[in-house]
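> Start from the sequences and build out the full structure, keeping to the hints where you can.
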Amino acid sequence: MAKDKLMDFDKALEVYEPVLGFEVHVELNTRTKMFSGAANPAHADNHGADPNTLVAPVDMGLPGSLPTVNAEAVKYSISLGLALGCSIAPSSRFARKNYFYPDLGKNYQISQYDEPIAFEGQVDVELADGTIVTVPIERAHMEEDAGKLTHVGGSTGRIQGAEYSLVDYNRAGVPLVEIVTKPIFGAEHRAPEIAKAYVQTIRDIVISLGISEARMERGNLRCDANVSLRPRGQEKLGTRTETKNVNSMRSVERAVRYEIQRQAAILAAGGTIIQETRHWHEDTGTTSPGRPKSDADDYRYFPEPNLLPVAPAPALIEELRAALPEPPAARRRRLKADWGFTDLEFQDVVNGGLLAEVEATVAAGAAPAAARKWWTGEITRVSNAQGREAPDLVTPADVAALQSLVDAGSLNDKLARQVLEGVIAGEGTPQQVVDARGLAVVSDDGALIAAIDEALASQPDVLAKIRDGKVQAAGAVIGAVMKAMKGQADAARVRELVLERAAAD
Amino acid sequence: MVSEITPDLVRHLGVLARIQLSDEEVERLTGQLDVIVDNIAKVSEVATPEVAATSHPIPLENIFRPDVVGDQLTPAEVLQNAPDAADGRFRVTAILGEEQ
Amino acid sequence: MTDLTKLSAAALADKLTTGEISSVEATQAHLDRIAAVDGDVHAFLHVSEHALDVAADIDRRRAAGEALGPVAGVPLAIKDVLVTTDMPSTSGSKILEGYMSPYDATVVARSRAAGLVPLGKTNMDEFAMGSSTEHSAYGPTRNPWDLDRIPGGSGGGSAAAVAAFEAPLALGSDTGGSIRQPAHVTGTVGLKPTYGGVSRYGAIALASSLDQVGPVTRTVLDAGLLHDVIGGHDPHDATSLSDAWPSFAEAARDGARGDVLKGLKVGVIKELPDAGFQPGVSASFRAALAAMEAHGAEIVEISAPHFEYGVAAYYLILPAEASSNLAKFDSVRFGLRVDVPGGTVEDVMARTRDVGFGEEVKRRIILGTYALSAGYYDAYYGSAQKVRTLIQQDFATAFASVDVIATPSAPTTAFRLGEKIDDPMQMYLNDVTTIPANLAGVPGISIPSGLADEDGLPVGIQFLAPAREDARLYRVGAALETVLVDSWGGPLLDRAPQLLSSSEHGGAR
Ligand SMILES: [Mg+2]
Ligand SMILES: [Zn+2]
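Residue numbers (our numbering), protein chains in the order written: chain D, 1 to 505; chain V, 1001 to 1100; chain Z, 2001 to 2509.
Among the hints, a few may not be true.
Facing chain D, a subset of chain Z residues (Cβ under 8 angstroms, in silico) [to be verified]:
1) Val2083
2) Leu2096
3) Ser2208
4) Ser2324
Pairs of lysine to aspartate or glutamate residues, derived as EDC-like cross-links and limited to a Cα-Cα distance of at most 16 angstroms, are as follows [stated by the list, open to error]:
5) Lys1042/V <-> Glu2308/Z
6) Lys2270/Z <-> Glu2308/Z
7) Lys97/D <-> Asp124/D
8) Lys2270/Z <-> Glu2301/Z
9) Lys182/D <-> Glu242/D
10) Lys483/D <-> Asp453/D
11) Lys75/D <-> Asp1067/V
12) Lys148/D <-> Asp1087/V
13) Lys182/D <-> Glu213/D
14) Lys2006/Z <-> Glu2025/Z
15) Lys1042/V <-> Asp2378/Z
16) Lys2015/Z <-> Asp2003/Z
It should be emphasised that the hints constitute simulated quantities derived from the structure, not laboratory data. Every residue gets a Cβ at the ideal spot worked out from N, C-alpha and C, and that includes glycine.
Spelled out as structure tokens, the structure:
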């Protein structure tokens, strides 16, 4: 495939105005699926289930099977709608979206079409410098996820040229809420940043509601980014592309930037944009065309005859509204004050999309400063190096446990980083990694004193210097002791002991 | 309403419905559907804007299921009628052909 | 010993309860009858290998003093549209040949729990699309009254099985008349319950907003007994009604005893002209009305101006819903797969669906796809849904002044096999009287009203009642049944020709 021509980003913005739109799919973490009693793989209890073990008849479209609506999923959807500032429809209903695909057991998706459960809302999104951008929400509707396809043979894992595909229906029927924005105008050069911040905000909201595991890497939260350009001064919207399933916040930012640059180059050369879905490639940082929109995209929506309208009682809506967590902006103000962070420190956390992680880590017992340092420091470093999302690497509970080992003096900073590495590598909890790798600091003074005596004996001049009051000379001995202990010693304790020995003799 | 059933339309409907109709089938269906559609198009005579649509014969609402696990099939049951399976999953031939 | 196959389910149940006969005896008698006549009738697609074991188990439990339900031990035929774990379920289609369901339809599970003994699966038009059972992928069923004629459809197998004394009870499904029209042409009883009165879970869907499962029997009381077993709320079907239903068997007994007909207001639709009906059908209908009048009923002319749009609306809604319901038959998870060398999965799906579906099914899928497709939805599917509203209004107006509506159950007696197969529109018009009940969700029953003079074939009369008033149909149906059977000096089916054993006919075809 030919490489896309790209226009310089700033130059593109001079000539064209970008218009954005997002469709974010949130997998709800109810115990069971949207339309069946099968256990929900998007619930924390069911991660890593074997293929086709979480399937009820309707999930695979067995003859005679019928869907039934999960009451809890409806409540979650209403709560999410309310948190997005939406109105809740007095009556909404399900429809069938008909299209054939092997991961879709019934060959139609039960979704909501002209009567979504929530509509007309808005979300305030805070950018790195504290600017608030209001994103208009068109609707949020309930639907079901499709199963999972694995392509085998050919150029491995790619749908193109695969020899065959395997289908697992565990994910089929997982409850989804699809959040659709209205066109977002005025984003200008901040378009990529707004894209990222919007997804972050949605993620913060669903986490604070407790309705989704919200792990992008696992597909709990998926973003389709719509981008179009129009020449400055033009009223009519340009043709848009829809970049599918961008599975990290950083990728959302990059994909939007890429599409702006790609489309600008085409338009500037006198070309036209094709309305199509595009796929984001994390490895190359590019998008490639999927299927062009055609008249085969005739979904033949009609009301799902097996399901009845959803007409939530006003009392239920008010009950759910009263139980909403505080809005993201208010929450940020409160957390910043509670934690006593400086503006810069707090922005670091927010920009990293780590607010929920730090909050959960603090809730699990770590000091705010320590929680922040872990998340914005080492964990972020590893996530950048591995090209993965920080929250996907490690849980807040593990970070808090790690910090408590440091606080107890069982780990020094260097060892703690090694333990973290082990946790990220999937070796278990921090304590399990400590045990398995034998990483705890040596707290046995006897072993330390032996090593100190040996170091002092090999550097006789040091003792004299210390006794002369040149305490910094102890550094050489401490270094030798730490090396002898393979780093598994508390450097402060070693220093104490060195000075004690010097004073004693 | 003038019926507009043409062989091309029938062929297109076959694509939407994932049925590979032969030319002969297209031909026959075009004629039959034309007659049928002429007969059923009369619904629009009385379906005036002020008439509400009925999608359920007996109106009900808010019929929900508690969020409790049930009805789950064993993997053997899931796969018991599979035309082809491998690794605990259904196997289908390639979804796309070779890249053009 | 009396021929056990000639007994009604109620009579069999009595003998089973008193211990006069065993379920094994009753079941064996019906299996023997199937072996003898089904080669000609072809009511069954599959005969259960487990029937005698199940019967023996019922006998054992009864002997052990277990409290069993009123119909425990009575044999039952099951329309192949209903999924069963111990027998294949094909819905009459090649695309599901050999399909084994991992779960039972709710009505099947309830039948088993009530101690009914499944004898086998009955033939039907493919995916219940048809009025003649000629569209079965496994060959047609023949009418026991005349083997050259159709047994009605789509549930021709269930009706024929009951009419041929191969089973006292059968389950059917009715989307536009598939229980009532076969009852009409075979001289049997069939009732389509109020929509939501019987669970659809495990009924292979044709048109989800129209389908209902119901009883197919030889007497009104038997229908009530079976309805009592299968009816009632099912959480697996969101459209299932949570109403507390009265006993329908009780209602039937009530009707047979009392003076239900006295003062009963029976509506006759003025827009259904005699002209569209075979003379013998009209005559039998009028005779039945006269008999009711003679017993105190009042015949009232009513207007249902939108019924004439029923067939058109039905043939939009049904294909539309069916085109979506039948999308699941795609060769991926179950059923037929026709490989296409070098083809993609799309090619395999399209080829499988071309080969696996019969002509009528493809015709309706294409029609339904058209009715739902962009640009046509409002004119077709949307308009049809509005006609539904108008027909419901017609019913509401009518039921404000009458207790039940009566119509002939179908325009003609059983036609000859092959007679209408090449004229789909003619076939569709056969459902003109039965369709409105499905569109409006109201219950309907067909009971035998007599024989048509010109051909000596059975005719049925249909009664319709307001939604949720199924019990009224059992009362009225049983009352008229009692009057008519008295006047005939015995059940209509006594006049059906004796079927010769297949062996005398040269074996199964
Ligand atoms: Mg979408
Ligand atoms: Zn969606």
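> Please go over all the hints and tell whether each is borne out by the structure.
Evaluation of the provided hints:
Because the beta carbon of Val2083/Z sits about 4 angstroms from the nearest beta carbon in chain D, less than 8 angstroms, this interface hint is met. A least Cβ separation of about 7 angstroms between Leu2096/Z and chain D falls short of the 8 angstroms threshold, and the interface hint therefore holds. Look at Ser2208/Z: its Cβ gets to within about 4 angstroms of chain D, closer than 8 angstroms, so that hint holds up. Taking 8 angstroms as the C-beta cut-off, the interface hint given for Ser2324/Z holds, the closest approach to chain D being about 5 angstroms.
For the given pair, Lys1042/V sits about 10 angstroms from Glu2308/Z by alpha-carbon distance, which is consistent with the 16 angstroms threshold. Simply put, Lys2270/Z and Glu2308/Z have alpha-carbon atoms about 11 angstroms apart, close enough for the 16 angstroms limit, and the pair holds. Between Lys97/D and Asp124/D the CA atoms are separated by roughly 31 angstroms; this puts the pair beyond 16 angstroms, and the hint is violated. At most 16 angstroms may separate the alpha-carbon atoms for a hinted pair to count; Lys2270/Z and Glu2301/Z meet this at roughly 6 angstroms.
At roughly 14 angstroms between alpha-carbon atoms, Lys182/D and Glu242/D fall within 16 angstroms of each other, so this suggested pair holds. For the given pair, Lys483/D sits about 14 angstroms from Asp453/D by alpha-carbon distance, which is consistent with the 16 angstroms threshold. A distance of roughly 11 angstroms separates the Cα atoms of Lys75/D and Asp1067/V; the hinted pair therefore holds under the 16 angstroms criterion. Among the hinted pairs, Lys148/D with Asp1087/V is consistent with the structure: their alpha-carbon atoms are about 14 angstroms apart, no more than 16 angstroms.
Taken as a hint, the Lys182/D and Glu213/D pair is broken in the structure, with Cα atoms around 26 angstroms apart against an allowance of 16 angstroms. As the CA atoms of Lys2006/Z and Glu2025/Z are separated by approximately 13 angstroms, the hinted pair is consistent with the 16 angstroms bound. At roughly 13 angstroms between alpha-carbon atoms, Lys1042/V and Asp2378/Z fall within 16 angstroms of each other, so this suggested pair holds. Using a Cα cut-off of 16 angstroms, the hinted pair Lys2015/Z and Asp2003/Z holds, with the two alpha carbons roughly 13 angstroms apart.
Of the numbered hints stated above, those contradicted by the structure are hints 7, 13, listed in ascending order.
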